[in-house]
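Use the sequences and the hints to build the structure in full.
Position one of the sequence shown corresponds to residue 1 (the working numbering), numbered consecutively onward.
These are computed hints drawn from the structure, not numbers from a lab.
Don't be surprised by glycine CBs; every beta carbon is placed ideally from N, CA and C.
Some hints could be false.
Pair by pair, the computed Cβ-Cβ distance ranges are [to be verified]: (1) 237 <-> 70: 44 to 50 Å; (2) 137 <-> 253: 23 to 29 Å; (3) 279 <-> 401: 39 to 45 Å; (4) 602 <-> 507: 30 to 36 Å; (5) 602 <-> 215: 47 to 53 Å; (6) 235 <-> 70: 46 to 52 Å; (7) 138 <-> 253: 25 to 31 Å; (8) 155 <-> 403: 57 to 63 Å; (9) 445 <-> 484: 51 to 57 Å.
Simulated pairs of lysine-lysine, BS3-like, Cα-Cα distance not exceeding 30 Å [what the hints assert, rightly or not]: (10) 241 <-> 104; (11) 93 <-> 318; (12) 598 <-> 428; (13) 419 <-> 448; (14) 333 <-> 104; (15) 430 <-> 419.
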Amino acid sequence: MQNDNKNTLAFIACAFVILIGYQVLWAGPQQRKVEAEIRAKKIAQQQVAAQKGVTLDANGNPAPLRLSRDAAKAQSPRIPVDTPALQGSIALKGGRIDDLFLRKYAETTNKNSPPVELFRPEGAEHAWFAEFGWNGLNLPGLPDSRTVWTAAPGQVLRPNSPVTLTYDNGQGLVFTRVIAVDDQAMFSVTDSVKNNGTSAFQLAPYARVQRQGITDHLGKTQIVHEGAIGVLGAGDKQELKQSKYGKWKKDHPTESFDSVGGWAGITDKYWLAALVPGQDQTIKAQYLFTNVAGVDIYDVNFVGPTQALNPGATLTQKTRLFAGAKTVPLLRKYEFGATPAPAIWEFWNNPKAEIPRFDWAVDWGIFSFFTRPIFNILEIFYKLVGNFGLAIMLLTVVLKLALYPMADKSYESMAKMKKIAPEVEKLKAKHKDDPAKQQQEMMALYAKEKINPMMGCLPMLIQIPVFYSLYKVLTVTIEMRHAPFFGWIQDLSSRDPSTVFTLFGLIHWNPATAPFIGGFLDGPLHIGVWPLLYGFTMWLTTAMNPPAGDPMQQRIFQFFPVIFTFTLSQFAVGLVIYWCWSNVLTIVQQYVMMRRYKVENPIDRIIARLRGKTVSATT
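Shown next, in the form of structure tokens:
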């Protein structure tokens with residue numbers, strides 16, 4: 001029975017190590033190697049092409065000339081956008097929102113880092129913009145991407161200060177576009193068209209978000225969704241619709257959805273551009289991929305119902321555009337509007353929501369029922385202490401307290417098993433030629449000492465879903481991006497920047513620049529302070545556990561601290577802090593339990609050696 005339990009525990013632990021280790025130590029470096037080779041090949045192609053005066057696209061094919069961002073921006077007269085959260089401009093040519101920076105978010109942790117760029121004009125590489133308008137069958141004079149709208153001079157788009165664009169097609173139709181914005185990330189675009197002519201027309205409103213090419217790093221990770229996203233359908237059948245960039249391009253170049261209300265857009269890891277029609281409006285949404293002149297076009301759009309525009313009548317269409325960071329409280333604010341938003345217990349569509357399931361723009365994963373509460377608790381603690389690192393440590397304490405009764409039984413069982421380990425070894429030696437008798441005697445011993453061997457597996461089993469959920473939260477939520485802890489930790493969502501090869505910052509050089517081995521020094525061998533602390537605490541918890549019955553299992557468990565130290569060194573340091581602190585709390589709990597049952601433990605041995613004394617279990 002004991003060996004079966006140990007085998008089960010060893011299998012679970014080994015599978016966990018292999019799964020994570022494969023991704024971090026093999027798949028990750030291999031992917032980076034391939035990407036580096038692709039970049040090197042691309043640079044070489046570009047150098048050859050430059051000598052011939054040819055421009056290449058992302059696939060190495062001849063491409064049309066791409067303008068610089070400033071040059072593309074200068075192709076149209078503009079209205080400035082100036083809000084507490086956004087800066088940029090609106091192009092009068094096409095009436096597009098195509099130039100946006102996020103003031104509250106920097107590209108890096110460097111204090112001089114520029115703000116994150118969201119939208120950029122067409123004509124520049126990796127253009128990203130939003131467009132609105134009307135469709136009409138065989139109807140001349142409709143404004144399009146080449147139409148230059150008219151605006152009163154001196155207008156600036158600010159909160160509570162909308163701007164107005166107009167266009168007269170000279171054939172009886174006058175178009176007006178009023179663009180408003182709040183102090184965060186939501187635009188409101190109200191399009192109206194008046195028929196001053198004598199004929200009736202049929203018009204349908206549309207809106208689109210389009211990306212023209214994407215940067216190399218997008219769509220490369222498996223844990224985060226990047227690409228088309230939306231909540232579409234009708235009533236209770238509204239569902240999350242997604243398509244990652246790679247799959248979108250390869251397998252589903254065109255997907256259409258009939259919907260009443262909902263929302264749809266394009267998302268990156270932290271940023272989102274989403275169109276929100278009227279929630280009582282019937283639309284046909286579309287995820288569309290095309291390739292034009294060697295440029296990949298990713299387009300999310302919707303078309304409203306066709307309406308009759310009689311002489312003297314006016315049609316009006318209002319569409320909202322979210323363009324900003326996927327901050328969970330902000331998404332929930334827009335989702336529920338003025339209605340107080342449920343936090344921890346809100347896991348499904350709420351009939352009072354103004355934008356259904358808008359916080360699903362964050363990729364909570366298939367275990368969202370666990371991931372979202374983890375984030376909600378972290379958010380509550382962050383509001384109390386003002387530091388996400390401390391919030392993670394408080395979360396760990398809460399989880400330990402919640403699981404204390406179960407863990408206490410587990411540690412009690414392990415303490416008792418360690419205490420009777422000498423008796424177990426005697427039984428094995430006494431009945432080494434009779435496994436059945438050996439098992440029978442061991443079960444009798446466990447029953448006598450009131451030990452349940454299976455309880456020893458619980459701590460590791462409990463850690464796995466918590467580990468995954470926290471890993472997911474640290475990876476996908478922008479609240480963790482660039483969130484500092486203390487000292488050298490300035491970004492909890494990235495790995496510990498310190499490394500043994502710089503003596504943890506005392507030597508100023510970049511190990512990645514070392515010839516031949518730089519990739520390994522900055523990759524699998526990059527070990528910081530926090531991973532080393534974790535390795536030590538894991539070694540201590542392992543030493544406090546009862547030894548495995550099989551010598552091979554003992555050697556495997558002895559190597560676990562080393563393996564996990566290298567593995568976790570590549571993970572977000574916030575995750576390492578969680579597990580390190582969790583180990584510390586476990587050690588305290590185990591130590592108290594072992595002292596209670598007078599079991600010899602490594603902590604007392606270490607203290608005794610420091611004092612130059614010997615120690616016994618009964619001390």
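Here is what the structure says about each hint:
| no. | hint | result |
| --- | --- | --- |
| 1 | 237 <-> 70: 44 to 50 Å | 46 Å, holds |
| 2 | 137 <-> 253: 23 to 29 Å | 24 Å, holds |
| 3 | 279 <-> 401: 39 to 45 Å | 42 Å, holds |
| 4 | 602 <-> 507: 30 to 36 Å | 33 Å, holds |
| 5 | 602 <-> 215: 47 to 53 Å | 50 Å, holds |
| 6 | 235 <-> 70: 46 to 52 Å | 47 Å, holds |
| 7 | 138 <-> 253: 25 to 31 Å | 27 Å, holds |
| 8 | 155 <-> 403: 57 to 63 Å | 59 Å, holds |
| 9 | 445 <-> 484: 51 to 57 Å | 52 Å, holds |
| 10 | 241 <-> 104 | 29 Å, holds |
| 11 | 93 <-> 318 | 20 Å, holds |
| 12 | 598 <-> 428 | 24 Å, holds |
| 13 | 419 <-> 448 | 13 Å, holds |
| 14 | 333 <-> 104 | 18 Å, holds |
| 15 | 430 <-> 419 | 19 Å, holds |
The structure shown violates none of the earlier numbered hints.
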